[in-house]
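Listed in order, the protein sequences are those of chains P and U. Take any residue in the first sequence, count from 1 to its spot, add 12: that is its number in the numbering used here. Take any residue in the second sequence, count from 1 to its spot, add 363: that is its number in the numbering used here.
I should point out that these hints are in silico values taken from the structure, not numbers from a laboratory. It should be emphasised that the depicted structure is a prediction, and the values quoted were computed from it without experimental measurement. Each residue gets a CB set at the ideal place from its N, CA and C atoms; glycine is no exception. Please note that the accuracy of each hint is not assured.
What the hints assert, rightly or not - Covered stretches of chain U (in silico footprint by chain P; criterion: 3 or more residues with CB under 8 Å from a CB of chain P, positions within the stretch not fixed):
id	segment
1	617 to 626
2	634 to 648
What the hints assert, rightly or not - Taking CB as the label site, the calculated pair distances span:
id	chain 1	residue 1	chain 2	residue 2	range
3	U	Gln-773	P	Phe-66	35 to 41 Å
4	U	Tyr-724	P	Thr-487	26 to 32 Å
5	U	Tyr-724	P	Phe-66	17 to 23 Å
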Amino acid sequence: MANIRSKLHMERGLASLSRYVSPSLLAAAGVLIITIMALFVPPYIGMADNGDYFRILYSNGLYFNTPDYDSQYFGYFIKKFGIFQYFNENQASLFSSQSLFIKLSIWLNTFVDQQVFDVRVQAALFTVLYIVAVYLLVESLTWKVPVKYGYPIAILAIFLFADTAYTAYFNSFFGESIVFIMMVYVFAAGLLMYRKRYNDYVLMAIMLVSGLLLTTSKQQNAPLGIIIALMGICLIFIRKERKFRVCMASSLAVLLLAGIGTYALIPKEFVNINKYHAMTRGILMGSEDPEETLSKFDIDKQYAILNESIYYELYTTIDVDSPILEDHFYNKYGFGSILKYYVTHPGKAIDMLDLAAKSAFKIRPPAMGNYEKSVGKAFREQTNFFSGYSTLKAAMAPKTFGFVVIWMTLILGLYMPAFIAAVKAKNSRRMLRLPLIVTMILMGLSGIAVSIIGAGDADLSKHEFVFTAAFDIVTFVVVADAIRRRLWSGQELDSP
Amino acid sequence: MAGCKYIKVALILVVTLGIWMGSTSASVLAVDADAVKEKPKHVLLTYDSYGIGTSRQGNMDALQQLLAAFGAQVTIVDIDRYQPGTLQTYDKVIGVHNAYDLPLSNADYIADLEAYKGDYFHIGAMIPPQVKAKLGLQTQMASGGTIRISIDKLQQTFIQAEPLPYVQKATGRTYGELTIGGTAYPFAVSHEKYGYIPYLKQGNLSEIAAAYVLKDWLEVSHKGRTYLLFKEVYPFSDLNLLERLADQLHEAGLPFMVSVRPVFSNTDYPAMKRYLETLKYMQSRNGSILINAPVVASTISVQDDTLQAKMEGFVDVLADYGIAPLGVGAEMYWSYDHLYAEQGMSFSNSAVLYPNEQASYRSRSDTSKAFQSSLFSMSLSFMDQFDRSSKAIPPLPMDSVITFDFFKDQAQLDTAIQNLLDSWITFSDYKYESHEVKTPRNHIVSYKGAIAINGQRVDLGSAIKDISSDYTYKEEQQKSFEKLFNVQNKIFIIIIIITLMVFGGFFIVGYRLYKRKYYK
């Protein structure tokens, strides 16, 4: 009796709470507060430069103004950068959506300081975008769902999405922040369409814009646009009006073109660092006879000496950007020929996938420190502040590709009955959920494939970010659906 | 005293005999190597400006290279940051004044210089009064234009110069000529412990001309020799072309040096063996092997103290293969960096210092590391820009080396060898001088054409061996209970197949029952 009374009491309490704050608002507010504490309250958390900042920074009119910048590579987060006051000769060689955010942040920064750029301005911009994305995602899962399910989902969302392994990227010039935020937007927009929440046209616009920003943020993300466009075909049929269908088809076509366009630019901008690793830490490393493997690419067998070597080594035999390597090594292979090699040598591909799985569950690359030098922490020290989820994931996830396969099978198995039921009921909108989840899984897999083909086993935990993000978003949705009892039943309540 | 002389003569005889009989012991060679060791002269080099943006830019580098070639240890001090009392701790000071229009403002330096009693050499404008007085100098500023420099048998005409000081009148010994507007003036002056050069620019004859006067001022008596060196040699270079280079130089009677890039991993691979085989062959064709500094990555991580182990490891790889590295080749900034000098160069007492291309310091030092043997590196085109009164290029005051980047193809190689023959330069054999390379495992010495590794004379006659590509790159992992697991696998497969069949059977039966129940 007392048990029932306390249950009733709790439900009444939750109901009255929901009048003031919905689960989605709670999740967004929780993520906001924790992110503010992490990024905007000393000691500020950010990411150290691993040498990648140079290109994106200088081409956007910023420069390193810290005197001992070189000695802080990998070790310490630096928050201030100079703004070019004169003509900038480092023009962007390639469009990246990341530049848009940096330019916008610089413009906002000029209201405060015209000469010194504070990366926290960019972090603030990302935080606002992120909060909205988290709100939309949680809303898609908790809208019209009993509050006793909604709030646990919101708390779960805070635990996952406020993790500093993700949010520390906002205080950096790595493209991962955009990738993560936009992935959440794409998925949230899709799920909201499935839930028939908000105006479909607005959601379509959100999906198009976030999909474009995601695809063009990094060259490695070219396949993402293509995947969204192809998997998104089922979105066309959720409404019967011609206007909607034309708009949706056009949006998907734009995403497809963006993907192809970004992919077409890869060969030119497939930077040496990744190209070097793709061979030395990928193909050669997996080969039983590197000399014979090199001959397949028409490369001099002497280059076998580079087997397993790393671009970042301080002392090397040859300058990794030297014309000799350019003429006799890099020029002999590209994305296509590496892909062909793995397709024709599936055994090697599986070995590499297993290797990739070892790093696929680390959100935070272990190489880069999170603190500013002035904080007095050790070189490369990383924060423990609100990183329970990422720590747990890195420690507990089985690090084999077999686990990834089981995870995918399980998720497809869980959603398949609902999908078949929707097909039988000929309800196009209700069919959406499985294709959306498959889209995310395919995006994650493409992240793994691109990182192996693109850079071998080097920097895997950073390159595999798309996988780790997709894994987390999908797993969150699955757990949320399990909490609200919607895995294989009740979809007619979700999507009437 | 006489006894000493006899002992030395006897020692030399023993050494020569030892070499002749092919049984020279390293310890004997080491004694001789030690015998020629001298404490390096320590020179303080003060400057007011690097002359960046002017024609003087780079002359400090040139001067540092010259001083290194004369075996001097150099400490550089910016006059603006001069600490009182520093001058008095040196016997030799060189002052460079590149800012012609800015008088010195550091009162401490001016006072110390007035009180300074040691040897002093001045370059550029703003000559200290006592130097002016001792050398009887009368100088003027020329407005620039076309000038001509000549020294020994070399001359360079049509040098475009910005406004420059020149010596109108001086007492003491003069060196070369600096011709401005048709009138010849002395290029340099020295008298007793003072010296003066009005004009020094990197890349023209003034660099070589300065060597003549500096040699006397530094009291170096050693006769300058010229060597021939090829750098940018990698394990990935065209090894056949390297062999042909060695053959052609050998046929032309030109001894040479190769500065080879070190390899720090996979040194047991067939590819590495082929590289070593080629180097050994080059050594047998009268080539001397030097170890080039590795490439330093621009994104520098602060924690890496592996340089010494890496360099010594590579020396050992070479030595174990019968190749005797005799020195180290590096850009000059390496000798001005504590870490590079101590960890990356200390295994050798001989070096070739190339002009700086891209300095990437890790622990910058004001004081250079001095080497017992250090060569002034220059390209053949540098020497070719000078007219000479004799067919042959005269021997230079310092030990120098004509440096080539290794060639891309046979055509480039042929052209270079032809140019070398046309230059009439007499090249010396590097291993005829005393050089010593030491690691915890190996001790390599050269003297008078013989090389010994750990006391064993290196056989300099070697033919190329074919290196087989057969190599086990990956050790097969040790497997235990292989048979047991194989049997277990088979059992499991059978069980799974049987289970699936039974399951399938049940499924079909169940489906039929279902159909019978509802579709009657």
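Please check whether the segment 634 to 648 of chain U has three or more residues whose CB lies within less than 8 Å of a CB on chain P.
Since three or more residues must qualify, the claim that chain P covers the segment 634 to 648 of chain U holds, with 4 doing so at under 8 Å.
Can you tell me whether the CB distance of U/Tyr-724 to P/Phe-66 sits inside 17 to 23 Å? At 19 Å between Cβs, range holds.
*Using the beta carbons of U/Tyr-724 and P/Thr-487, state whether their distance is inside 26 to 32 Å or not.*
Violated, since U/Tyr-724 and P/Thr-487 (Cβ atoms, about 48 Å apart) do not stay within the stated range.
query = At a Cβ distance under 8 Å, does chain P reach at least three residues of the segment 617 to 626 of chain U?
reply = With 3 residues closer than 8 Å to chain P, the segment 617 to 626 of chain U meets the three-residue bar; holds.
Note to self: Quick check on a hinted range of 35 to 41 Å for U/Gln-773 and P/Phe-66, using CB atoms only.
What the structure shows: Given a distance of about 39 Å, which is inside 35 to 41 Å, the answer is holds.
Hint 4 from the list above is the single one not met by this structure.
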